[in-house]
Structure formats: C-alpha cells, structure tokens
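So the sequence lines, in the order shown, correspond to chains V and H. Per the working numbering, the very first residue in the first sequence carries number -14; after that it's consecutive. Per the working numbering, the very first residue in the second sequence carries number 882; after that it's consecutive.
Careful: at least some of the hints might be erroneous.
Derived, one-sided and incomplete: chain H residues facing chain V with beta-carbon distance under 10 Å [stated by the list, open to error]:
id, residue
1, 887
2, 907
3, 910
4, 934
5, 954
6, 1006
7, 1010
8, 1024
9, 1060
10, 1091
Pairwise CB distance ranges (calculated) [unchecked claim]:
id, chain 1, residue 1, chain 2, residue 2, range
11, V, 286, H, 998, 46 to 54 Å
12, V, 308, H, 985, 55 to 63 Å
13, V, 119, H, 997, 44 to 52 Å
The list that follows gives simulated cross-link-like pairs (lysine-lysine, BS3-like), each with its CA atoms no further than 30 Å apart [claimed, not checked]:
id, chain 1, residue 1, chain 2, residue 2
14, H, 884, V, 303
15, V, 303, V, 284
16, H, 884, V, 435
17, H, 884, V, 284
18, V, 94, V, 435
19, V, 94, H, 1062
20, H, 1062, H, 1076
Hints were generated in silico from the structure; no laboratory data involved. Think of the CB as a built atom: it goes at the ideal place given N, C-alpha and C, for glycine as much as any other residue.
Residue-level listing of the chains:
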Amino acid sequence: MAFAITSNAIPLPIAAVPVVEVDAFRRDVLTAIVAGGRLLLLIGLPGDGRATRLLAAIADDARGAIAVCSTDVTDAYPALTPDCPSAHYFEREIAEQYGIEPEGHPWLKPVRFPLGGPTIGEADFYSVAGSEIHEVAVGPVHAGVIEPGHFRFNCHGERVIHLEISLGYQHRGVERALRGGPDRRSLYLAETVAGDTTAGHATAYCQLFEGLAERECSARANALRVIALELERIANHIGDLGALAGDVGFLPAASYCGRLRGDVLNLTAELNGSRLGRGWIRPGGIARDIGSDELRELKRRLSDAGRNMRNAVDLLWKSSSVRARFENTGVLRHEAAADLGIVGPAARASGIDRDTRRDLPAALYRARHPTITVGDNGDVFARALQRWREIEHSLGFLADVLDDPGSGTTASAIPSLAPDAVILSLVEGWRGEIVHLAVTDAAGHFAHYKILDPSFRNWFALAFAMRGQPIMDFPLCNKSFNLSYCGHDL
Amino acid sequence: MFKTLLARARQGYRTAGFPAEEPGLPALFRGRPELDPTKCTDGCRQCVDACPTGALRVAEAGVELDIGRCIFCEECVAACPEGAIAFTRDWRVAASRREDLIVTDDNRPRVDALGRELRRLLGRSLRLRQVSAGGCNGCEVEVNALGNVVFDGSRFGIEFVASPRHADGILVTGPVTANMKQALLITYEAVAEPKLVIAAGACAISGGLYRSHPEVSDGIEGLLPVDLYIPGCPPHPITMLDGLLRLLGRL
Ligand code: SF4
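This is chain H alone, in the form it adopts within the complex (with noise of 0.2 Å):
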C-alpha cells in the first residue's frame, strides 16, 4: 500500500492540457495539407501518380485533396517539382460532412455541432461503442489511447461502453469487411434512438488503402449516415478529441 502511494507521488500529474491549452504535438506532425494550386503546372499529374490511395485528383481549378482518403504519407510533397502541397501541424481535420473533406486552396473541414434537443439529450456525456470493421488495429490504437489518463475522454463525459444498448451511437473503424458487415449493422440496429455514428480514420470513410478490394465496402459511405468523419490513418488522439468536442459544440 506504501509503496503504491509512492508510485502514484512519483509518476505525477499527467493530463494534456488541451483543449485549454495548445495540444503540443511533434515538430513533425503532420496534419490537414495546404494546396496552392497556382503552381501547379499544366498537365502535371505527378502526385496523384505517386498517391497510394487516389486522394488526389487534378480538377478544373487546381489540385483537390481528399482527406477522407488520404493516409498523411507525404508521397505527393515528395513527388510534386513545384512545391504545391504542404502538409501543416493543423490536428483540426474532422468534419461533418463528406463534402468538406476535400481539401482545395479555398475549402477546408469544419465540424457543425449538433443540434441544441440532441446537445440536451446526451447533456453531459457521450458514450459510443467501437465497432471495429476490418482495418488494422491502428485505429483502434489511437481510440485506446483516448482513454488514458493523458487524453482522458471522460474529462468530457466522452467514454467507450460494452454493450450497444448502453451508448449514444457508435464509433466505426475499418473499411467494413464484407465478413463484419452484418456484425456492423446489427450493432448500430442495437442502439437506441436518437443515435451517432462516426466513422473514424481513412478506411472507415472511404475504405482507405483497400478501396476497391472485393472483400470490402470502400467504408460507411453509403450504409450509415454519418455525423462527424474523423481522417488519418490512424487519427492522433487529440484530433479525435477535437472533433468530438466541436460535434458537442464544447470548442
């Protein structure tokens, strides 16, 4: 018991300060890109060339990035001659709607919060249950991490429960494999309405790195309605909490 107490002296007070403060995250952080489609040159397509999974794509005005596709690998800032594509310390790249996650010179994600009845409903607490649909794991990494003591959910009422039945929505991961498609369903079925669902990460909003394979359904699109899309691959833990945050209108 002594020595427990000792330990608990020890390894102190560990809790991020965000969203009060900035969330200190490293020099190398890379977060929602920034295109300047004036330098990009005519029929120049070298970074959706290199792009592993087809998130970029030459329009009339310039150069579009969809970052409900994108996995942050930086292969097109690499491959671009001209400079025309950064990637920021931004963690703010969640959205509400599809549409807002392609990134152009003028466009970038914003998170609605939800309506002022759905606010009162959850009060203080939202409670989601993780549905993980194929993907590898990094996902659900990151959503573990939320609830240590350094990103601390539940500061925010914000917690992962058990049982469908308990939770205010769900929290899917992965590009839905075909194998866990009913299991997906069947758990958003179970929980009571009014109810959430967030896609989280690359392969949840657009099946990822696997889009187009069979064995899977290029993401949620199209079989739930989503509310808040959360990019990356996987997302950092702050820019989960952020989303999340803004979707309660507490940011």
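Bound-form chain V, shown alone (with noise of 0.2 Å):
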C-alpha cells in the first residue's frame, strides 16, 4: 500500500506523499480502514492544473502512526462514503469547496454556505411525508445566548423522525485568511476558531509552526501549555454540567456549577489576564512564566474547586429527578459513534476507547497523560458521567503536573519554517480531536491550511441521537454534545 508514515506534529516532505490513481487510492484508504485504522481526515488541496488533489490521513491509534496518501481527482470520482461513512461529511466539503463530485454519496448538501454557492437557508431539506408528520423549523437564531444554526425535525407527534442540521451561518474565512501565513494575524485567527476552546486551537497551531521549523519547546513551556489546557477542559465541563442540570429545571446545581466555571476562568486570568487564555499560548512556548509560589497557590485553589464541584455534581447523581430525565436519552450506540468517526468525551460515553493524549500525543504528553476511562451506554447521562469523569482525571493529573513543571525557558524564537512539507497537528481539546493540517510552500509560507475542529466530526452523531427521541428532549441532548458552530463553519 502507498503510504507516507508520519506522527502528531512530525512533518513530512510533500514529495514524499504518494499520489496514486483514485482506484488504488479509494482501495488503499478502504484496506487501511477495514484492518483497523481511523479515517483521521480527507480533504482537497489544489492540484495540478484543473485537478483536485484529494489527501487522505488514516491513524493508527494502537501505534501512534499517521499514514498519508493521495490521490488527483478532477470533476468527479467513486465516493468513498458508501464504504466508508465517516467520510460522509468530508466529502460534502470537498464537493462544495472544489466543486468536485464524490458519485454515490446518499446525502451530499452544503456543509457552510460560502460565498458564491447557494444561499444559506435555501436548502434542500429531508422531508419525512405522512399523515400527523408535521416539521419543525428552529433557528438560525435560537432562544438562548447561542450561536446560530439551523435544525428541522420532521416529527410524529412528539416523536423526532429525523433531525437535519443546517450549519454555516459562522462562516467567516478563517482559512482562507491563514493561506500565506504565518503573519501577525495568524496565532490569533487560530485561537478564534472556537473562542470556548482558545487553548486546544492555540497549542494545535503553535505544535504546527514548531513541528515545521522542528524545534520543540522547553519541558516547562509544554507543562504550562498542559494547565491551560486542562483548565480549559474543567471549565467547559463544568460549565456544561450545570447547563445540563438548567434544562432539566434543577437550579442548585445550575447555578453552582455557572459559578464553579466561572471561578475555573479567573484562575486561568490570573495567570495570563484573560479568562479565555486570549495570548497565552504561543509559537516557541507561553506568554508568561508561573513562579512557583504561584504554581503552589493554584494547586490549592484548584483542590477547593475540586472539593466545591464534586459537591454541587454530586447533587445531580443522587437527585432522582435528574437521573430520570438523563438516563436512556439520546443513545448513541457504540457502532453510530465508531461508523460516523465522532471524538471526544462523546465517542467515550459510547464506549470508544480513543484520547489524543494517550494515543497519538505530542509534547508533554508523550511522557505522561491523564487517566482515560470510557463509559457505555451513549446515553445523555453517560455523556454528563463521562464529563464528569473528565474533570476528576484532569484535576488528579493537574495536581502531579504543578508538582513537577519541569524546566527551561518558556519563550523560544521559531526560524522559519520547513518548505515544501505537510503537518498534522493534533490536540485533545476539551470536546475532543482538533487537528490542524497546513502544506507549505517553496519559500516555507502556508500554501493551504485546514482546520478540523471536533464538532465537524460530531454535529451529525447529535441527529443520530435525537432518532425516536421526544422533541422537548433536544436542548438537553444538545447541551450533552454541546459542540461549536464557529468551529465547524470556520
């Protein structure tokens, strides 16, 4: 099989990605699938004259290997979705970006609305017919303080059928911008991807840059790059805990855990003035050192946090009320979540046993990661479980980091980087898998950048969820996920 073999942040010549026939590639792909491996991204690139260079990145958990392969398409090519349903959603953005056919795919609408295609909203939507099926339209503005988006779901009285999810209404250019780069705009369009996910997008942007001028930063520099990413992992979660108890109407715990996500923010402004970690992380290490009588500090607070947010969680497990609404709502089974290649705590609630950190890490990583544990039943509760457990493990593997930060200078200036060469760049971010994949040119500068964020993964396991489920029952479903619309419409 022609593959290049590579690994999180390793770069690779580009020459020495093989570019074959599409049979041999479609056949190379579907092998590598059938024996195990993990359809980690497919995406155009511009090709030679008026073809489409399709790249495919298959991972080897089990191994911590990336093999690549590629393939020159033009106009149209056999759709690997039929064989292959994780790419499902990669081959719509490469049909809508490149105008590319992929011939066979069941379902192949818009994934953003760019410019220059159709208009947004004017889509050609599932209609499920019969008598007392009725649709309901919501969004792109929601009810809430959220982004937009917009769902249909065709419904048998209560019962949702079918939920198609309508996205783009965040599209902003946020590719097309980082072509050329890297420039003074760069390591901050990189952390807008997701603004709920500063840390994850910044650190897979700076391992990019580092990994192309192959340098790595300071044992130090990568602890300190650890806590604002866990701390960006405990924020969330909590912070989505107590969404989760908000939509089933029990307030004790909504409101501590607000309050819990909030305190979670503060620290992580206190060690670099932003709530968010806005410049915290950055090419060749972090902003600002953490002394150690400020790293002791943290420990502490982080263990009263600790303390606070297992009382106020706890509330949810033994409150009886909660467990009834949670428990059995929105199943993902574990053979959805595998076949539709979804990440994160999500995919772990439904029994998929795969973390960036232990699997294919980088940086600090490699030498020590949380524990991992993955739960079964897909459920709505298994996901806040599964959250839950999230944070604990987080909080353990903190405490052990801010005992040993290790050493070195925390800043280091990057040359310039590799020409001519390929990276992927992975982070588990707090929703699971981001990957940054960036080809440069002759003179090292980002001929093409891509961004894939987890909910470009995950947004179709939410309709998935919500098959057979009673309508009342989405915000909770949906919060469960809680995934970004700016991530995916970029």
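Taking the hints as your guide, dock the two standalone chains into a single complex.
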C-alpha cells in the first residue's frame, strides 16, 4: 500500500506523500480502515492544473502513527462514503469547496454555504411525508445566548423521526485568511476558531508551527500549556454539567456549576490576564512563566474548586428526577459512534476508547497523560458522567504537573518553517480531537491551512442521537454534546 | 432534599460586590490602554506593523489606538521600543459614540446615559435579545457569564430573553457574516420601538480579526444604529455590566 507514515506534529516533505490513481487510493484507504485504521481526515487541496488533490490521513491509534496518501481527481470520483461512512462529511466539504462530485454519496448537501454558492437557508431539506407528520424549524436565531444554526425536525407527534442540521451561519473565512501566513494575524485567527477552545486551537497551531521549524518547546513551556489545556477542559465540562442541570430544571446544581466554571476562568485570567486564555500560548512557548508560589497557590485553589465541584455534581447523581431525565435519553450506540468516526468525550461515552493525549500524543502528553476511561451506554447520562470523570482525571493530572512543572525557557524564537512540507497537528481539546493541517510552499509559507474542530465530526452524531426521541429532549441532547458552530463553520 | 440544602450552605453566597465595590480583576487584566505620544520617535511604526487588527494609526498628533478594533493582545506593547503604549486595569472601556473608542493621549471612552423618557419607559428592567452574527463564541461565553450568580445582571433587571418581541433591544456579537446578515436584520425589525442596539466585542464593532474578509460585513456599523459599544475580545463581564449600567444611568 502506498502511504507515507508520520505522526503528530512531525512534518513530511510533500513530495514523500504518494499520489496514486483514484482506484488505488480508494482501495488503500478502505483496506487501511478495514484493518482497524481510522479516517483522521479527507480533504481537498489545489492539485496540478484543473485537478483537485484529495489527501487522506489514517490514524493507527494503537501505534501512534498517521498514514497519508493522495490522489488527483477532476470533476468526479467514486465516493468513499458508501464503504466508509466516516468520510461522509469530508466528501460533502470537498464537493462544496472544489465542485468535485463524489459519485454515489447518499447525502450531498452544503456544509457552510460559502460565498458564491447557494443562499443559506434555501436548502433541499429532507422531508418525511404521511398523515400526522409535521416539521419544526428552529434557528438560526435560537432562544438562548447561543450561536446560530438551523435545525429541521420531522416529527410524528412528539417523536422525532429525523433531524437535519444545517450550519454555516458563522462562516467567516478563517482558513482562507490563514493562507500565505504565518503572519501577525495567524495565531489570533487560530485562537478564535472556537473561543471556548482558545487553548486547544492555539496549541494545535503552535505545535504545527514548531513542528515545521523542527523545534520543541522546553519541558516547562509544555507543562504550562498543559495547565492551560486542562483548565479549559475543566471549565467547559463543569459549565456544561451546570447547563444540563438547568435544562432539566434542577437549579441548585445549575447555579453552583455556573459559578464554578467562572472560578476556573478566573484562575486562568490570573495566570495570563484573559479568562479564555487569549494570547497565552504562543509559538515557541507561552506568554508568561508561572512562579513557584503561584503554582502552589494554583494547586491549593484547584483542590478547593474540585471539592466544591464534587459537592455540586453529586447533587445531580443523587437526584432521582435528574437521573430519570438523563438516563436512556439521546442514546448514541457504539456502532453508530464508530461508523460516524466521532471523537472526544461523546465518543468515549459510547464506549470508544480513544484519546489523543494517550494515542497520538505530542509534547508533554508523550511523557504522561491523565487517566483515560470510557463509558458505555451513550446516553445523556453517560455523556454527563464522562464529563465529570474527565474533570476528576484532569484535576488529578494537574496536581502532578503542578508538583513537577519541569524547567527550561518559556519562550524561544522560532526560525523559518520547512518549505514544501505537510504537517498534521493534533490536540485533544475538551470537545475532542482537534486537527490542524498545513502545506507549505517553496518559501515556507502556508500554501494551505485546514482546521478540523471536533464539532465537524460530531454534529451528525447529535442528529443520530435524536432519532426516536421526544422533541422536548432536544435541548438536553444538544447540551450533552455542546458542539461548536464557529469551529464547524470557520 | 436535605443534601440539596446542605450543598446550598456549603456553596455560600457568591455574588460580586460590583458596582458598590471594586470588581477585583486579576493583576494581569488588560483594560483601557494609555498612550504617551510624546515618547513616539519620528517615523516609527513598529506598533502599527505588529498589530493583528489594524487598530493603531500614527496620526499628526501621535499614535492613536482604536479600541473598537483592538483585541487587547499587547503585541504593540511588546513591539514599542519606547514604552509609549500601556494597558491599564481600567475595565471602563464602553462608549456611546464610535469616535470615543479612538484612544489618544487625551480621548477616552465614556458612556452617556439614555434620555430620561427612555429610562422611564424601561423602568427597572432591560431585556435584551442577543444575536450572535459570526465570531468565535467568546463573547457569548462572557454574555452568558453575565447571567450567572457572580455577575448576576438580573439584580439590575438586565436579562436576556428568547424572543425579540419581548426585548427592549438587541445585543450583537460577531462581525456579521454574509450568512447571518438577513437573520440579524429580521431580528432587529421584530423588536418593538423604541429599541436599543448594543455592539459587544471587537467583531461586532468593527469586524475585529475578520475585518475586510469578503465573508463578513465588518460589524454592525452602517447596518444598525448603535447605542452602546462594548470593546474587548471578548469584553469582560464586568466591562459589559459597567457599560450597561452607565447606559441606564445607574452608575
Ligand atoms: S493590543 Fe490592540 S492595538 Fe495593540 S497590537 Fe493588539 S490589537 Fe493591536
């Protein structure tokens, strides 16, 4: 099989990536997947002349390796989706961005409605016919302070037969703006791919940058980045547990968790000035070192916050009315989660034992990582419990990192980037695996930049989890995934 | 039930003392910038060249910083060889007029309270419909925090409502993507007169980091009449609360 093998944040000369005939490409990708590989991404790149180059990356999670191969296509090619469902959204994106038709794709609809294409909202929505069937359309402006998206429910009475999610309202041209960089905007564009995942996307960008320059940060800088990443994870998970409590009308846990989320954001702000960690993680290291007194104080305050979180979250598990609403709601079965290729805590709650921090680690996670556990039932309860477990594991892990934060300079200059190279940078963000990919030109600038927020892969899972559910459970299911619109829309 | 009460006792009273007390912002908080153009040397443009959003300009009278575009990243502070730019911990950066966001050595942002009649109509409540029109969800995170028990906007009657029909105005975040423009305008239309428009965050004010992308409108400037600008990337909840309370004449 024709693959070039690499790993997280290790560059490859672009010439080393095999370009094969489309039939061989399909066969190799599908064989690798049948053999236990995972479709990490499938994207289009400008190819030679009229052609579009399709590039596939397959993760071998057991070995920590990434296999890359490519092919050139024009106009159309036989879709992978019928044989490999996790390709479905990637192929929709390729069709939208390059006008290439993946023939035989069962659901070829727009992804983001970029300029020059069909008008957003004017889509060919799937519609169920029959007596007593009705449709409910929600959004783009929703009831709460949330990002925009459009949801179409086909219902029979209260029961949802099918949910179609149509996004793109936040599309603001991030990937296009990253081309030609790195420049003074690049880091900030990466940070704002999803504001609630500032540390995740900034780390993915910086790892990519450093990988292309073949530089590594000091142990100290890596440890401080891990602090940023794990604080972000804890803040978002505890906030979402509060929001889940709010969605079932259990207000005590909702307000305590909301406040505790703020406490973690405030800790972040004390370490860098911004509650979301803006400008904290930078190519070559981190904006600011943390003194040993500060580290001790951070440890003390985290253990305090941890106790309060346990107390607040315990109310959820011990309240039968909450459990009754969480259990067996929005079930995402293991097979569906695996077929769709979903990632992060939502995948782990459905029993998929996969975490970038352990399976494809970079930087500090290579040496150590938090305990990784998985759930089984794939319902709202499993996703909530998974979030809580991940908070506990992160708290324990942080306590270790704070005891031994390593040494070295926290900021080092980065020389120019390798020319004509391709690199994939992976980070386990709080929602799951973040992937940034760059291809550099002969001058070492970004000829292409691709961002994969975990939400890109997970939105379809929400639609799946809603099948057969009462429509009133939608907010609860939605919150249990809490996916990003801006990270998807870019 | 008993456990719930015990937890209530344990979690304590957490609402911030602001505005009666200082807001207790972290030492590294980046608030209102202060400029000293007398330090600028002739022809120096290092801050301008470092800025990711084009927020700085060297004018006749020296350097100017548009906090309506600024993302408070401090690249300019690092780039300036003379120490002419510093970010203070002052959280009061909201303003009623766009011009007042251009910080120079003697111009600083300020908020004028709404007219007496409008304040009478609003009474003790301000209900807003938030519209997210592009952006990164960072502003939404902080708008949501305004509703938690710490910042607790509802102490002042400030709440976010589900329907524009129930709202006294809209609070817009994001650079207004082409894909959200129509929905934003329809939502604005749906609010009954008289209505307020608040632009929160660099994106809504000027397009922020996405300014001049063909996919966005460079914020709501020129699309809707703005009553209050709240700069930041994202603005701190205290900055938002401060701006809103000043608008309502409560500070
Ligand atoms: S702090 Fe503001 S003015 Fe200074 S470089 Fe950053 S965006 Fe530009």
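Going through the hints against the structure:
The closest approach between the C-beta of residue 887 (chain H) and any C-beta of chain V is roughly 9 Å, which is under the 10 Å cut-off, so the hint is satisfied. Because the smallest distance between the Cβ of residue 907 (chain H) and any Cβ of chain V comes to about 4 Å, under 10 Å, the interface hint for this residue holds. Checking residue 910 (chain H) against chain V by beta carbon gives a least distance of about 6 Å; that is within 10 Å, so the hint holds. Checking residue 934 (chain H) against chain V by beta carbon gives a least distance of about 8 Å; that is within 10 Å, so the hint holds.
A hinted interface residue such as residue 954 (chain H) counts as satisfied when its beta carbon comes closer than 10 Å to some beta carbon of chain V; here the least separation is about 5 Å, so the hint holds. Hint status for residue 1006 (chain H): violated, given a least beta-carbon distance of 17 Å to chain V, over 10 Å. Using the Cβ-Cβ criterion of 10 Å, the hint placing residue 1010 (chain H) at the interface with chain V is satisfied: the shortest such distance is roughly 8 Å. The beta carbon of residue 1024 (chain H) is positioned within 10 Å of a beta carbon in chain V (closest approach about 5 Å), and the interface hint is therefore held.
With its C-beta approaching chain V no nearer than about 4 Å, residue 1060 (chain H) sits inside the 10 Å limit, and its interface hint holds. Interface restraint check: residue 1091 (chain H) against chain V, minimum CB-CB distance 5 Å, threshold 10 Å, status holds. For the pair residue 286 (chain V) and residue 998 (chain H), the beta carbons lie near 48 Å from each other, so the given range of 46 to 54 Å is met. Look at residue 308 (chain V) against residue 985 (chain H): about 59 Å separates their beta carbons, and that is inside 55 to 63 Å.
At about 49 Å, the CB distance of residue 119 (chain V) to residue 997 (chain H) agrees with the hint of 44 to 52 Å. The hinted pair formed by residue 884 (chain H) and residue 303 (chain V) meets the criterion: a straight-line CA distance of about 9 Å does not exceed 30 Å. For the hint linking residue 303 (chain V) to residue 284 (chain V), the alpha-carbon distance of about 28 Å falls within 30 Å, and the restraint holds. Distance check on the hinted pair: residue 884 (chain H) and residue 435 (chain V) sit about 49 Å apart at the alpha-carbon level, beyond 30 Å; violated.
For the suggested pair residue 884 (chain H) and residue 284 (chain V), the alpha carbons sit about 28 Å apart, so the restraint of at most 30 Å is met. Among the hinted pairs, residue 94 (chain V) with residue 435 (chain V) is consistent with the structure: their alpha-carbon atoms are about 20 Å apart, no more than 30 Å. Between the alpha carbons of residue 94 (chain V) and residue 1062 (chain H) the distance comes to roughly 22 Å, so the proposed pair stays at or under 30 Å and holds. Between residue 1062 (chain H) and residue 1076 (chain H) the CA atoms are separated by roughly 19 Å; this keeps the pair inside 30 Å, and the hint holds.
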